[in-house]
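Colleague: Protein chains in written order, with this note's numbering: chain A, 1 to 322; chain B, 1001 to 1552.
Relax, there's no trap hidden among the hints.
Derived contacts from chain A toward chain B, CB cut-off under 7 Å, selection only:
(1) I94
(2) V264
(3) S273
Everything labelled a hint here was simulated from the structure, so no lab data went into it.
For each residue, glycine too, the CB sits at the ideal point set by N, CA and C.
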Amino acid sequence: MRVLARGSLGRYVAVRLAATLLLLLALSFIVFGLLHLTPGDPARNLLGPKNPSPEALEAIRAKYNLDEPFLRQYFLWLGNVLHGDFGTSIRSDIPVTDLLSERIWLTFQLAGLSFVLTVLVGVPLGIAAAWRAGSTLDRAVSVTSIVGVGAPSYAVGLLLLYVFGVWLDIFPVYGSGDGGLDTWWHLVLPAITLAFGIGALVFKLTRTAVLGELQQDYVAFAYSRGLARRQVRGLVLRNALIPVATSLGLVFGFLFGGTILVEVTFALAGIGSLLASSVTFKDIPVVQAITLLTALVIALTALGVDLLYYAVDPRVRKRGLQ
Amino acid sequence: MSAPTPISRRLVLQGAGAGALMALLAACGSDDETSTTSGGTEGTGGSTDTTTGGGGASAQEIDVLTVAFPSSVSNIYPGQEAGNFNYYIAALVGEALVAPDSTGKLVGALAESWTHPDPLTYVYTIRSGVTFSDGSPLTVDDIIYSVGVAKDETLSPNTSYYWANVDTAEQTGDNEVTITLLSPDVAFEWGPCAANAMWVTAQRFVDAAGGEIGTPAALFTGTGPYKVTSFEPDKGVELERIDTYWGGKAPVKTVKIEFIPEETTRILAREAGDIDMAVSISLDQEQQWADTEATDVLFAPDKSYVGIDFNTAVEPFDDIHVRKAIALACDRATYVEKLLNGHGEVATALTVPEQIESVTGDAASARAKLAPIFDLPYDLEAAKAELAQSKVPDGFSVKVGVSSSAPQVSQFFQALAATVAEIGITIEVEEMPVEQWYDTIGSPDWGLAYMWYFNATGDPAELISWFLAEGNPASYTNEEVATLLQQQREEADPAKRVDLIVEAQKVAMADVPYVPLWWGEAATAIADKYTIEDFGPYTLLSPWTTRILTKE
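I would like the entire structure built from these sequences, with the hints used as guidance.
Modeller: Here you go:
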């Protein structure tokens, strides 16, 4: 049974990876097409609005294949990507891989730190609030979480900046520092800002899941069979945390793709702020690379989540992934 | 500097929320020790005088000066990307043959002197003893190579048009370069200028960087008072002083330019003492800047022009009565007062006064020259009467595209919309990213548009050689204007040339293809222990860190 399940797991992963590739391919075409349809001309954007000379416009269009028909442009781009060449940014004339390499790492660290904060704060608080449903703690955290979900990250960021950056003078106000620990220190406030809203959601999710399990019949049976409170809680947590754990994967994807506002507020050179300026500039190679990368991270996290589901839920293991 | 974006390509994310939050923050803030200084004109009749650099401040060694820019640059070479901030950075590392002084008059830079023996010929004597930042000497060959770079459409797409009229650049003496034009054009004098269209480098630096200039890998090697040691787009630029600079050692040793797109974050960074200076601060948050501890705010005209463009080839703007009706409905003095908090002045021409001050002698006479060009007063009754004579006497509807980086322009059009609604005209304001706004300029889809243009040079014909020439955004043609434009290109006497430029605008503006609204000011915040000597419209386009003084 286990061997069979493992075989189906391998096939399942392979199929999922193939589907991810297809998804990325379709996405690349859609994004390319949408950018093509939006108003504006990258060559003109590069030269500014003042009567650009036709020769200068032509030189830029030829350099970036913008003078080719739409489909040919797309296939030229795709051909290069299949050879590992993501092209050159129209706006900065820097190879896209160079442009993204450091930025990805920064955004990854920001999302990672934020994820850790979300999990370390949201999950234990959710469990504690569910154990003591209706208590002062539960009510206080629940109200705070409503604020957390509702507060715009822009405002939260500036408030944190004022309190911890200016008033208490603990954390730096902007930028990503000189690498290593200094960068992590610079990322604390942005990570808290980013974690604020999603952490509140994770709290609510955890609380609901634990509360739901506590109302199950098996809990009453367990108590009636004389199991210790600690043992019962262990049972409840194992069951409740399955939906929580799987949702956390999506949380990471959300954090990774949702850093734009925080990066702008804290002047961080990550991929979020780059995506925002590249979209309006119609810097097609950069937008393509960032969207595909973000989609890949989300798709792989989703796959990871399903595998985690497989690992933690014996029912799924038995049934096999579909 | 062709990109007329006041806060170019800047993400404008701060909305009403920013103001509210800042009010909250200010409420818990500390005591203020602030003053607001006006370093330039205040309304008409002002001058580019300075309130700084006087007694009590001197050039002292500053180890690090941290300066926050409101948006990033993608390339530090303005030939590749020509926003204001590219120019401010390039001004510290690159030089050209000539440069503007604080009044906008051209003086020698890498050229010790120059002559203009006939309308087609410019002869420059190259300064000796100049070195590049790596210590190697500047040669005549480097100057000639750099002319080629500035003219090259791929290396310098943003400046090549300026050099299209140049026939040859050749060595004509030991230290002499002669540039020959194809046809006479007095405005060429501003071409070989680092505030406009040339930055001298050497072929070996460009070759060593694989034929690239200004990217984070290639950087830029010039002869200026600083060299770039690092450049990361969206993060910042770091520059180190060149102690052997021919013009003397600058007071600031290290300049750190940081890109901080969010204005409130910039204010907080200043509040925390993390930055010493912020350029192009938002007028919307002027008060918060003024309330920031130990900070001065300096204002100076920035040679910008803001005005309405009518596309005279598009109905109903092909009718002069329609154009006049809208012009008469513009309460320009109130816009300057309310939308700009008085930091600007009512524009009466396409040329900004700072471009003719060095010719007319002072600010007042410059304004007097420009005053009669466009002087339609605000008069809604007259506007109504004009509309009644037009082919759309009952009014019409029109939309206008406004860049989201130009909040004052958006407010202006909303105010105008409210005014003209009374006479039956409906204006719908559509906000859009700055790049989409580019497409509205001169487009047949947008009969009503606007221009926010930053003049780079002190040449009085800079904007009219676009706005009144063939291919202008108003689709405006007038033989008489074309003749006057041609005459000014050939007129070597500066005073006579200014008269021709004024005359061309008078003739054209009688047809109201444009409505000049205001000439703008830029504001710079700086730690109150420092000040900037002779802070004015040309300061940031020349090696500005050499003018940072420390107060005593």
